[in-house]
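Order-wise, the sequence lines are chains Y and X. Counting from 1 along the first sequence, just add 12 to a position and that's the residue number in this note's numbering. Counting from 1 along the second sequence, just add 205 to a position and that's the residue number in this note's numbering.
In case anyone wonders, no lab produced these hints; they're calculated from the structure. Quick caveat: nothing in here was measured; it's all calculated off a predicted structure. C-beta: ideal position from N, C-alpha, C; glycine also. The reader is advised that the hints may include incorrect statements.
Which bits of chain Y does chain X cover? Going by a derived footprint, with three or more residues having C-beta under 8 Å, they are [what the hints assert, rightly or not]:
| no. | region |
| --- | --- |
| 1 | 75–81 |
| 2 | 431–445 |
Below 30 Å or equal to it, Euclidean Cα-Cα: the simulated DSBU-like pairs (lysine-lysine) are [said to hold, decoys possible]:
| no. | chain 1 | residue 1 | chain 2 | residue 2 |
| --- | --- | --- | --- | --- |
| 3 | X | Lys237 | X | Lys268 |
| 4 | Y | Lys229 | X | Lys237 |
| 5 | Y | Lys132 | Y | Lys229 |
| 6 | X | Lys281 | Y | Lys300 |
Distance ranges between label pairs, derived from CB positions [claimed, not checked]:
| no. | chain 1 | residue 1 | chain 2 | residue 2 | range |
| --- | --- | --- | --- | --- | --- |
| 7 | Y | Gly436 | X | Lys237 | 55 to 65 Å |
| 8 | X | Gly277 | Y | Gly254 | 48 to 58 Å |
| 9 | Y | Val410 | X | Ala214 | 45 to 55 Å |
| 10 | X | Ala294 | Y | Ala190 | 46 to 56 Å |
| 11 | Y | Leu80 | X | Pro219 | 54 to 64 Å |
| 12 | Y | Gly436 | X | Ala214 | 44 to 54 Å |
| 13 | Y | Leu318 | X | Leu242 | 51 to 61 Å |
| 14 | Y | Gly254 | X | Ile208 | 56 to 66 Å |
| 15 | Y | Gly436 | X | Gly277 | 22 to 32 Å |
| 16 | Y | Glu402 | X | Ala294 | 41 to 51 Å |
| 17 | X | Ile208 | Y | Asp366 | 31 to 41 Å |
| 18 | Y | Phe326 | X | Lys237 | 57 to 67 Å |
| 19 | Y | Val410 | X | Gly209 | 54 to 64 Å |
| 20 | X | Gly277 | Y | Glu61 | 15 to 25 Å |
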Amino acid sequence: MEEAESALGRDVEERIATWRTYLRRRRTMAADSDELEDHLRSQVAALVEAGLSSDEAFLVAVRRLGELDALTQEFAREHSERLWKQLVAPTVPEVERSRRRRQESLTALGLAVAAAVAVKVPALLGFEPAVQEEMEAFYVLNASFFVLPFLAGYFAWKRGMSRARCAWAAAAFVAAAATVNALPLRPASMTMVLAVIHLPIALLVVIGFAYSGGNWKDHDQRMNFIRFSGELVIYFVLIALGGGPLTAITMFLFMAVGLEAEWLAQEWILPCGAAGAIIVAAWLVEAKQSVVENMAPVLTRVFTPLLTAVLLAFLGTMIWTGNPISIDREVLIGFDLMLALVLGLLLYSVSARDPRAAPNAFDALQLTLLVCALVVNAIALTAIAARISEFGFSANKVAALGENLVLLVNLSWSAWLYTRFLRGEGPFDALARWQTAYLPVYSAWAAIVVVAFPPLFGFV
Amino acid sequence: MNIGKDLVAASAVPLVLAILAEGESYGYAILKRVSELSGGRLVWTDGMLYPVLHRLERLGRIKGRWGRSGSGRRRKYYRLTENGRGQLAEQRQQWQAVDATLRGIWGALPEPDGTA
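Same shape as in the complex, but just chain X (with noise of 0.2 Å):
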């Protein structure tokens, strides 16, 4: 099962803003991480990760630095502010209400066939 691309793009912000809250954070880590955290099921293009994080770094809610790799490469490495913490809670609330709101009609459905 592949996730929509209009899902994918929706969840894009929560997901980077999350992943930057475990801790500082690269590109290619963080899509590693994405791909971790969903199995697989997530698919972005690897490329367009990037003007997401600097959309995020232009409005505020992440910071950007250039440091090294463990192979002396510049790698530039990301880290949330604290205007993305509020919008990371803000989202997360968003979220969780949606799900909710989606797991109070799942229940009263019948079970699909065939899930796979």
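In isolation and in its complexed conformation, chain Y is listed as follows (with noise of 0.2 Å):
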């Protein structure tokens, strides 16, 4: 039954070769076309058993295999990690495709320049607290007002989500400004500073639900939400960092004019280029997604061997040495910074691995960095926990001790998947599962925090 491969003769093999190259642009299917080639050979080879010229059973092999076309878009569907780096399968004609990228721009440039005129409409509608103070605790705490609404429209529009869903995500957002505002939070409070972090958290689920088009039970949108997240963060950096010099050099033409400029830089360049700034870079990632490698998965690469080192030094010393780690008030945050970077390590990662893939090294160093922070996160827990009624129970420390429980209970969990994974006793989708399943965990916590907090602690 095996075959000679000469015995097909240069032409047929030109012919694959030439289809090989074809299935290679796909990148749906590129990392699969040896058992695609492997498979075409052996139906070549039994067809010309059969008596069949070595040209047509080449074309009959490539017929039964397949339209590319459709194939290309059931290996989409199994390979989503794979699709999420170039557009969606091409099935649309060109000219349909240029009108539909023409519209996007212009719809995602109008809704940046909405969000941006958004921050100055309280203002220009006469809102203006006398006490300086009273107004900036009004802007900071509705800051996630004058642009999610935006960036979850977009998505909307993109994804072409029904009128009822569309009415969910509104009316998600006016009752969470309606709720937030009716509080009686005091400016610059503890309570205050707390709902300002968290809010953006618990509206998180808004914007994943906008993002899937309303399918946010699926596990692989959730999956594309998280990767988008991440490059949303760096496009968003990019842009800022230019935003910097462009606002400095504003600033020096009007002085080279005897203006002063700096209230323009402050009231409206800054807020308001922010906020555009924000659905701008969600428009590039969703555009660029062909062009550029995804960047996250990139650092996550660069930065897990440091902080794992960074870890490991850490244990080395405090057992070398016999220091306990000194408990301040604010060390507690420190901890917590730390889970969530080695969470963002971990999720970033995970959304770019290749799920069939056999376990590696970095699997092996991603473990090993799972169980540093957690063991390095116990102490500090024990330490805290030694001296918790002598510090009292402010809202910052609750908080900080429920952060820390939840990132807790991830990272032990995703290590037990981990382990499992590396031991050859269950698969790496079962980790990848967990991880979009826990996505909505983040979000209810950051919701207590915001609403049940401020009464909780007297508002204080």
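With the hints as a guide, bring both chains together as one complex.
Here you go:
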């Protein structure tokens, strides 16, 4: 049954080579081209044996393998991690696509301008609290509502979300805005600062809902949302890097003609620019998926070894010197940030990994990082637990403890799933599904901090 | 007689798992076994087998490894995992239940004319 390749003749060999190049251009299938070529050659050989000429055999075999367009879509459905790096399989004609692209850039830019203007709407409507602090508090607290509804609107438009689902998302924003503004938060109080930090995290589910076009329960959609979020942050930072010099030059130019332009930068360019930049960044991520390799997974490759080294060095030093962790009030937040960083590294490397690939050295490193982080955190928690009564339960401390718990649960179970995967007892997919299933927990906790903490702690 | 598309799709997973339960195999050989078992009545588009194999691999039902064909070409072999064996047993029970149900009603109906 096995075949000698030379028997096919040079002509058919060339056609197989062309077919293979064609296959490799389709990124959803490129990685499996060896497997498909093996299939094609086996089929050709069997047909030749049955009496066909090698030319005919090639044609029949290619036909049986199926239409490449249909195959591409079928592969795309299974391999969303590959698809995310390219535009969706081109099933629409070129004219239609370029019309759609134009429409999309206009919509995105329109929404970006709308978000930028929204920042200024309260002031233009004459909202001007006498106390400077109150005004600042209003803007910081409501910053999310100037931007996120437009971001959700962009995705609702792009995914063609149904009216009912759009209404749900809108209702969520309205309810959140009403609740937050109804709370008698005192400017610069602890609970107010906590609310400001946690509000965007709580609203992340609404963005995710719109991003997935309403299919928020779908694992693949959530994974795409994770990929999107990483790229969004990177694009936003890049735009901000460009915005800095632009603002500086604006101020310089006006100064050159004797005008003080600092108010312009502070009251217009910075807030409006930042609001618009988020929408533009989202649009760029959507549009450029194909052009650049995703950056977030690349960064995890760089920083996972470094952070692992740091944690190992830290543990080593602690054992060597015997110094206990010195506990003061701020230290728990530091450990929370460390866990969040570890989670980020895990999340963005999971999101880019081929779930079928066998365990490799990087996986072992990732598990080492997880275990180190858990050990360091356990040491810190025991130190804190011993003295918690001394510090008392302030809003800050309870929030920090809650965050620690939320992250701890995720990372512990991740470490367990990773161990199972490395020992060949479970699929990598289980780890990916755990991460996507856990997403709403962050938002739920953040919502509790925003809504329940102020009354619980007497609006301090 | 050709079997409808939905039924072909639904039977793909138990069929692939069952064939791999016979022993390690690769794409082309699995398809040949399918056509052998069904007497050519179950027609798959060849390429569609691979996404099914990849999904089963991702879910940990089967495990792939790269080996060599007789002529030295790279070839991907798949084998059933413990997880897949459990899944197969479960699917088998479900299909037997469906089969038994249908048999019950077939027996009560008159034979259709001209089955060919």
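Against the structure shown, which of the earlier numbered hints fail to hold, in ascending order? 4, 5, 6, 7, 11, 12 and 16
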